[in-house]
Every structure is written in structure tokens, then in C-alpha cells.
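Enquirer: Listed below, chain by chain, are the residues.
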Amino acid sequence: MKYAIFLGCTVPVRNLSYELSARRVAGELGIEFADIPEFSCCGYPVKSVHHGTSLLLAARNLALAEEKGLDICTLCSACTSVLTETSRELAANEALLEKVNRSLRAIGRRYSGRVRVKHLARVFYEDVGLEAIKKAVKRPLDAFRIASHYGCHYLKPSEIYDHFDHPEVPQSLDRLVAATGAEAVDYATKKECCGGAILGVDENIALQMARAKLDDIKANEADAINLICPFCSVMYGANQRKIQAKYGTRYDLPILYYPQILGLAMGIDAEELGLSQNPIKPKALLAKIS
Amino acid sequence: MESGACAEKDRVVVTVLDPRFKYEIASEPGGENIKYCFQCGTCTSGCPVSELDSKYNPRRIIRMAILGMRERVLASDFIWLCSTCYTCYERCPQDVRITEVMNALKNMAVRAGYIHPAFRAQADLIGGHGRLYEVDEFTNEKRAELGLPTLPASSPEVAEIYGMTGLASLLSGKGA
Numbered sequence: 000m001k002y003a004i005f006l007g008c009t010v011p012v013r014n015l016s017y018e019l020s021a022r023r024v025a026g027e028l029g030i031e032f033a034d035i036p037e038f039s040c041c042g043y044p045v046k047s048v049h050h051g052t053s054l055l056l057a058a059r060n061l062a063l064a065e066e067k068g069l070d071i072c073t074l075c076s077a078c079t080s081v082l083t084e085t086s087r088e089l090a091a092n093e094a095l096l097e098k099v100n101r102s103l104r105a106i107g108r109r110y111s112g113r114v115r116v117k118h119l120a121r122v123f124y125e126d127v128g129l130e131a132i133k134k135a136v137k138r139p140l141d142a143f144r145i146a147s148h149y150g151c152h153y154l155k156p157s158e159i160y161d162h163f164d165h166p167e168v169p170q171s172l173d174r175l176v177a178a179t180g181a182e183a184v185d186y187a188t189k190k191e192c193c194g195g196a197i198l199g200v201d202e203n204i205a206l207q208m209a210r211a212k213l214d215d216i217k218a219n220e221a222d223a224i225n226l227i228c229p230f231c232s233v234m235y236g237a238n239q240r241k242i243q244a245k246y247g248t249r250y251d252l253p254i255l256y257y258p259q260i261l262g263l264a265m266g267i268d269a270e271e272l273g274l275s276q277n278p279i280k281p282k283a284l285l286a287k288i289s
Numbered sequence: 000m001e002s003g004a005c006a007e008k009d010r011v012v013v014t015v016l017d018p019r020f021k022y023e024i025a026s027e028p029g030g031e032n033i034k035y036c037f038q039c040g041t042c043t044s045g046c047p048v049s050e051l052d053s054k055y056n057p058r059r060i061i062r063m064a065i066l067g068m069r070e071r072v073l074a075s076d077f078i079w080l081c082s083t084c085y086t087c088y089e090r091c092p093q094d095v096r097i098t099e100v101m102n103a104l105k106n107m108a109v110r111a112g113y114i115h116p117a118f119r120a121q122a123d124l125i126g127g128h129g130r131l132y133e134v135d136e137f138t139n140e141k142r143a144e145l146g147l148p149t150l151p152a153s154s155p156e157v158a159e160i161y162g163m164t165g166l167a168s169l170l171s172g173k174g175a
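For the record, the sequence lines run as chains A and B.
The numbers in numbering that gives the first Met the number 0 rise by one with no breaks, and the one at position 264 of the first sequence is 263.
The numbers in numbering that gives the first Met the number 0 rise by one with no breaks, and the one at position 152 of the second sequence is 151.
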């Protein structure tokens with residue numbers, strides 16, 4: 000299993016603990032990552048401004064992976080969505096591929112349509128598999144109750160993701176959590192959006208969206224939220240204190256990235272998984288396993 | 000206002016509607032299926048943004064677009080409120096692909112000179128650094144300390160793409 004690791008914009012600057020734990024745990028499970036420093040923004044943030052530019056940014060990133068003969072593994076759900084969509088569109092539409100290549104030629108790139116894209120959580124779920132994950136667990140997290148936040152672009156639009164999980168009744172993250180020995184907490188707002196995409200447009204609405212979910216997860220007595228997207232993490236982690244101050248609520252709810260959860264269960268040291276760098280310090284949680 | 004009366008600002012004046020608007024949307028990437036909409040409201044009923052603020056109402060936006068209310072739609076604040084969660088996209092019985100229709104409308108609004116400042120700021124940053132967040136020296140030092148590979152601070156190829164597609168001139172206000 001070798002992939003080009005696609006960091007995107009937010010992870011390598013704002014979510015270093017996600018990147019650290021992803022690399023550490025993937026390595027342990029036989030997933031090899033190649034770094035391509037020329038990767039840029041995936042193209043997602045400009046899709047609603049200028050579709051043609053988004054398409055070319057995504058196509059250029061795909062071309063860079065293709066030059067190395069590698070498929071792409073993503074850490075951010077929005078990157079997953081635009082890169083997957085573009086990879087599928089260009090594989091199916093020869094006329095569009097030709098048009099894209101006329102533009103890529105001007106920057107010395109070429110894409111032939113061969114690269115496939117998978118989110119790291121899907122790589123764990125499908126390529127590594129639940130059985131192998133269970134075997135890798137050395138320190139089952141029996142004392143943990145963890146609520147998974149699927150976010151939107153990891154699952155939807157489901158037609159671009161080969162329906163590997165159900166957009167209305169998603170299970171992959173809960174199963175991945177259960178494989179570590181932790182209890183996967185079910186809660187009513189599980190599928191709801193974090194609001195991150197409109198944080199800059201209407202902060203009030205965005206924070207209310209994030210708040211509704213924090214309220215629900217807290218009411219269900221989870222010890223932590225399992226996240227797989229850096230922007231969702233901005234909403235539930237970096238903005239958690241802001242939400243507490245604005246609405247007079249109190250959560251102190253640690254956010255963990257799935258590779259951190261899995262890494263802990265595999266017996267990897269918390270420091271190596273970057274846990275001390277998470278926005279909400281998971282002290283009480285760590286006390287449960289020591 | 001008497002019951003049954005319609006506020007002036009909400010009145011639809013048929014003579015100023017643009018019947019071509021829906022065809023233009025349908026010729027944009029993502030806008031192709033807009034005319035399939037039969038106004039069932041499944042989109043709005045499951046929309047997490049509509050639930051909190053009724054000024055964002057995807058069913059209504061599509062109705063306005065099909066009616067031909069070009070300016071009211073393109074100059075609006077509400078088209079920028081789609082959180083792109085794709086809930087409506089998954090549930091729409093007519094496969095209108097609403098999230099992508101919203102993207103098409105936003106693309107058209109940008110060309111008409113109505114880019115939302117938050118989206119302009121994002122587009123400017125990516126054009127300048129190749130990324131949404133600049134990888135400055137401090138970030139690279141921190142990355143190196145943690146044993147993570149350092150990253151380039153800019154991407155000339157991304158800037159070239161911005162020039163090629165016309166986005167650079169759109170953002171500078173010179174038109175594409």
C-alpha cells in the first residue's frame with residue numbers, strides 16, 4: 000500500500016497533530032506515504048468562485064501524483080471530495096480531459112486519468128481492514144466512549160465514493176472506533192454538518208451549527224469526538240471555547256483524530272501522536288488508560 | 000400590511016423577469032439539472048442552514064432562478080450561505096444536484112461582480128501562496144522540529160493557472 004499523501008492547506012499549518020499521528024500509525028500498518036512538495040490547494044475553496052480554476056488545480060494535483068505512479072491518500076474531507084470528483088470526471092470524459100491537458104501543457108504538466116483518491120479513514124476501513132486493525136490493537140480502549148463526526152465530504156456526494164458507506168446511515172467511522180475497543184456512541188445529530196464552510200460568511204449560523212452537535216455529544220456523555228477532517232476540527236476544537244463563551248455552555252470535550260485514537264490503542268506514546276498539541280487537552284481521557 | 004397583501008419588496012414583477020436565466024444556469028458546470036425542480040421542498044426541509052436561518056432557502060432560490068429573477072439571485076447574500084453539506088443533493092427526488100446548482104449561481108455572481116468578501120479573500124490567498132494558509136518560516140521550523148517535511152511557501156504554477164483561466168483578472172476587477 001503506497002500512496003502520495005495529500006496534506007491540503009489546513010492540516011500542515013493548523014493540524015500538525017493530525018499529520019503526525021496519520022504518518023505514525025499508517026507506517027505501523029504497512030501504508031507507505033510519498034511526499035510531493037509541489038502539491039497545492041486541492042481546488043475546493045475556489046470551486047464556488049471559479050469552477051474552471053478549481054478543475055485545473057485539482058487536475059494539476061492529480062497529474063503530480065500520476066508522475067510518481069501513485070494514487071492519492073487525503074486527510075481532509077473537502078480535498079477528498081474535489082480530487083475524487085475531478086479524478087472521476089476526467090476518467091469518464093475524454094473531451095474534458097483533452098481540454099484540461101491543453102491548459103496543463105502551458106505549465107509543463109499532463110494528466111492521463113489514472114489516479115484514484117481515498118481518504119485515510121477509507122484506506123483504514125477498506126485497504127487495511129477492520130480485522131487487521133483489531134489485530135494491531137495492543138491496549139484496547141474499553142474505558143472510552145467516543146462519538147464519531149462523519150462530516151459531509153467524506154461521504155457525500157455518495158455517487159462519487161462508490162457507496163462505500165451509506166450517507167444517511169453511515170457506519171465506517173463507528174466500526175473503526177469499535178475496532179479499537181472503545182464504545183462507539185450513537186447520537187441523533189451524527190450526520191450534521193460542522194458549519195465550517197460558512198464560518199467566514201455568517202459566523203453566527205456556523206457556530207450555532209457546531210454548538211448543536213457539541214450539546215448533543217455532551218448530553219450523550221461521550222469522552223471525545225472522533226474527527227477525520229481538519230476543518231471540522233477548527234469548528235469543534237479551535238472554536239469550542241468561543242462557542243462556550245458565546246452561549247454560556249461548557250463542554251471541555253476533547254477532539255481526537257482517528258489516527259490518534261487508533262495509535263493509542265496500538266500502544267503508541269501519546270506524545271508521538273501529537274496529543275499535547277490538540278486544541279482541547281485530553282488529560283482526563285489519557286488518565287483512563289494509564 | 001393587510002392580510003393577503005404582498006410587500007413591495009417581495010412582489011414579483013413579471014415584465015422584469017429574465018426567462019433566459021434558467022438556460023444560462025443550465026449551461027454552467029453543475030447547473031445542468033436546475034429545470035428538473037418541481038418545488039417539493041425536500042431540500043429546504045433537510046437543510047441545516049435553513050433550520051437556523053430562513054433567509055437561506057434552497058427551494059426558494061431555485062424557484063427565483065427558474066422564474067428569471069437574475070439580479071435578486073446573483074446580488075443576494077443568501078447564495079453564499081450554502082454550507083455544501085450535500086444533504087439536499089443526496090435526497091432530491093429530481094436529481095437537481097442542488098449543491099452544484101448553488102456553485103453555478105455563485106460562479107455567475109462572481110462574474111457579475113458580486114463575489115462575497117470571504118470567498119474573495121480565500122481565492123486571493125490561494126492565488127498568492129498556492130494554499131489557503133501561507134507556509135511561513137515559523138511553520139516550517141515547527142514542522143522540522145516535529146520531524147515533518149518542510150513545504151514550499153509559494154506555487155508559481157497555481158499563479159499561472161489563475162492567469163490562464165481569467166480568475167486573476169476577475170479578482171483584480173478587470174473582468175475576464
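What the hints contain is simulated information worked out from the structure, not anything from laboratory work.
The reader is advised that the hints may include incorrect statements.
[What the hints assert, rightly or not] Taking lysine-lysine pairs in the DSS-like style, the calculated list, with each CA pair at most 30 angstroms apart, reads: (1) A/1 - B/141; (2) A/245 - A/134; (3) A/189 - B/54; (4) A/241 - B/34; (5) B/34 - A/245; (6) A/98 - B/34; (7) A/190 - B/141; (8) A/190 - A/282; (9) A/67 - B/34; (10) A/133 - A/245; (11) B/141 - A/241; (12) B/54 - A/190; (13) B/34 - A/282; (14) A/280 - B/34; (15) A/1 - A/217; (16) B/21 - A/98.
Enquirer: Between residue 190 of chain A and residue 141 of chain B, is the straight-line Cα distance small enough, at 30 angstroms or below?
Expert: It is violated: about 34 angstroms lies between the C-alpha atoms, which goes past 30 angstroms.
Enquirer: Given the hint that residue 98 of chain A pairs with residue 34 of chain B, test it: the Cα-Cα distance must not exceed 30 angstroms.
Expert: holds (27 angstroms)
Enquirer: Please work out if residue 190 of chain A and residue 282 of chain A have their alpha carbons no farther apart than 30 angstroms.
Expert: Given that 30 angstroms is the threshold and the Cα spacing comes to 27 angstroms, the pair holds.
Enquirer: Are the Cα atoms of residue 241 of chain A and residue 34 of chain B separated by 30 angstroms or less?
Expert: Violated, because 42 angstroms separates the two Cα atoms, which is more than 30 angstroms.
Enquirer: Decide if the proposed pair is consistent with the structure: residue 1 of chain A and residue 141 of chain B, CA atoms, cutoff 30 angstroms inclusive.
Expert: Roughly 26 angstroms between the alpha carbons, so the hint for residue 1 of chain A and residue 141 of chain B holds.
Enquirer: With the threshold set at 30 angstroms, check whether the alpha-carbon distance from residue 141 of chain B to residue 241 of chain A stays at or below it.
Expert: holds (26 angstroms)
Enquirer: If you draw a straight line from the CA of residue 245 of chain A to the CA of residue 134 of chain A, is it 30 angstroms or shorter?
Expert: Outside the cut-off at roughly 44 angstroms; violated.
Enquirer: Does the structure keep residue 280 of chain A and residue 34 of chain B at a Cα separation of 30 angstroms or less?
Expert: This hinted pair is violated, its Cα atoms lying about 50 angstroms apart.
Enquirer: What's the verdict on residue 34 of chain B and residue 282 of chain A, does the C-alpha distance respect the 30 angstroms limit or exceed it?
Expert: Violated, at about 54 angstroms.
Enquirer: Regarding the pair residue 54 of chain B and residue 190 of chain A, is the alpha-carbon distance no greater than 30 angstroms?
Expert: Within the cut-off at roughly 23 angstroms; holds.
Enquirer: So if I understand the rule, the pair passes when the alpha-carbon distance is 30 angstroms or less; does residue 34 of chain B with residue 245 of chain A pass?
Expert: violated (42 angstroms)
Enquirer: Taking 30 angstroms as the top limit, are the C-alpha atoms of residue 21 of chain B and residue 98 of chain A close enough?
Expert: holds (26 angstroms)
Of the numbered hints given earlier, the model fails hints 2, 4, 5, 7, 9, 10, 13, 14 and 15; all others are met.
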